[in-house]
Amino acid sequence: MHTQIWDKYLPVIKILLKKSANCAQTLNLNIQDFERAGLARKTGNKFHLHFQNGRADNAINASPLAKDFASTLLGDDTVKSLFMGGEYELSLNNKYQLGIKCLHKAEAEEKEPATADQGPN
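Quick note: the sequence shown, position 75, residue 75 per the numbering used here, numbers continuous.
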């Protein structure tokens, strides 16, 4: 039901997810998008989602808005691979600001052992 809203913001959210490896990110969403979808401001459409190992840990108990958000994110291959490689928190507050935090980023590549270049002695 709310997937059209989240699809609109998905390209920007992908960029912010990548940037969140350095510092927390915030995206101000257009309140009118949510009002057109029948979500009133006063209903408290805030949520907090935690993603780890490519899955949303707490989406089952979340609101329908949050469930649609989680399914939209996990339906995208780029986002899913980011979630497989790290631990993320995404939250929406009453002012329709989406917060994105990377809690833990898995090492993309294993560190190569340091080898000293030893020439002939």
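Read the hints as simulated data drawn from the structure, not as lab findings.
Please note that the accuracy of each hint is not assured.
What the hints assert, rightly or not - Derived lysine to aspartate or glutamate pairs resembling EDC-like cross-links, with alpha carbons at most 16 Å apart:
hint	residue 1	residue 2
1	Lys18	Asp77
2	Lys46	Glu89
3	Lys14	Asp57
4	Lys46	Glu35
Please read all numbers here as calculations on a predicted model, not as lab measurements.
Each hint, compared with the structure:
| no. | hint | in the structure |
| --- | --- | --- |
| 1 | Lys18 to Asp77 | holds (14 Å) |
| 2 | Lys46 to Glu89 | holds (13 Å) |
| 3 | Lys14 to Asp57 | violated (19 Å) |
| 4 | Lys46 to Glu35 | holds (14 Å) |
Comparing the model with each earlier hint shows a violation of hint 3 alone; every other hint is respected.
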